[in-house]
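Please model the entire structure based on the sequences and the hints provided.
First to last, the sequence lines map onto chains W and G. When we follow our numbering, the leftmost residue of the first sequence carries the number 1, and every step to the right adds one. When we follow our numbering, the leftmost residue of the second sequence carries the number 1, and every step to the right adds one.
In short, the hints are calculated from the structure, not lab data. Nothing false has been slipped in among the hints.
List time: in silico DSSO-like cross-link candidates among lysine-lysine, alpha-carbon distance up to 30 Å:
(1) Lys-59/W - Lys-54/G
(2) Lys-67/G - Lys-59/W
(3) Lys-59/W - Lys-69/G
What follows is each chain in one-letter form.
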Amino acid sequence: MSCVYEEDLTAYLDGELAPSRRAEVEAHLPGCADCQHLVALLNHALSVVRTLPEYTPAKNTRAAVLRRVEPGPTWAQVLARALNPGVLMPSLGLAGALALALVVNVAARRSGSEHLDARQLELASNLDMVEDLDVLGLDRFEDLDVVEHLQELEVNP
Amino acid sequence: MDADAELMLRVAAGDTAAFARLFDRYQASVTRFAFRYVGDPARAEELAQDIFVKLFRSAKRYQPTAKFKTFLFRVAANHCLNEVRRGEHRMDSLDERLQSGDAAEPATDGPRPDEALQGQELQGAVMRALGDLSERERAAFLLCRFEGMPYREIAQALEATEAAVKSLIHRATVAVAQKIEALQAGMKSARSES
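The structure is reproduced here in structure tokens:
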């Protein structure tokens, strides 16, 4: 279809043409079979579209949207909540207890390191002694006296 | 200033109750628009959610000189258009959904089964025709035919001239009309053969 009025026909049916153009289309239509056919086709389509079933939106969308736009707390609200005595006092108490525990732990490590070294040396010495007895195949400490006097036994067989 | 514009100004001031009222007024329109734009009910619900959240966040940019509905559908059309352009949703799979019945709107109790079937087929024909349109033709057609917006407001919503909108709506309406005509011609010949 190549009628110059073709592009106007939908707007004509929608009542969107300026009065002068509308008058032109109305004057043109009775003599143009193509335009009459297209107007009939468009009119029928518009009546079908009007009868299409309505879309029913989901009910849970409302709650989902409102949740997404709920404002978060402002800085002032966060600060006010943190300064609430019910929150502040236990928090300060907990922080103080942790700091005290840390200080005590560090002090204990520093003062106890010398004692710890002496104890460790004594333990190592004892372990050496046990290893020596084991190498010599001795079971008792008294047998060490025999070892110490072996030379005398050689001199005085 | 219309009542919606007043509510929108309250939304801009952070009033979520005013936003809830606007949501209740326009949820059906926006979801219907999104559904017919993408042809998928589940995706349409997600899009509608995003559109309303976007509306809330852009409330401060709203000028009460613009009609609220025009502003809302500018947000809606831009969002749907961007989604489709980003490839996050395609109309290609519409035929599959129409065949499985996913894209059909809930049937009402009224019509007889044969009428309901015919209605569903017509709905399918319209949805297929919409899928073949360009994104702007589809948006213009939906705003005109289902939201009842005048060409001038559609032009504002789509940031186009009225002449361009007139052309978009004409091409879209002719395409839909031809699909409906073809479907009904097929139905008639099937009936005469049986």
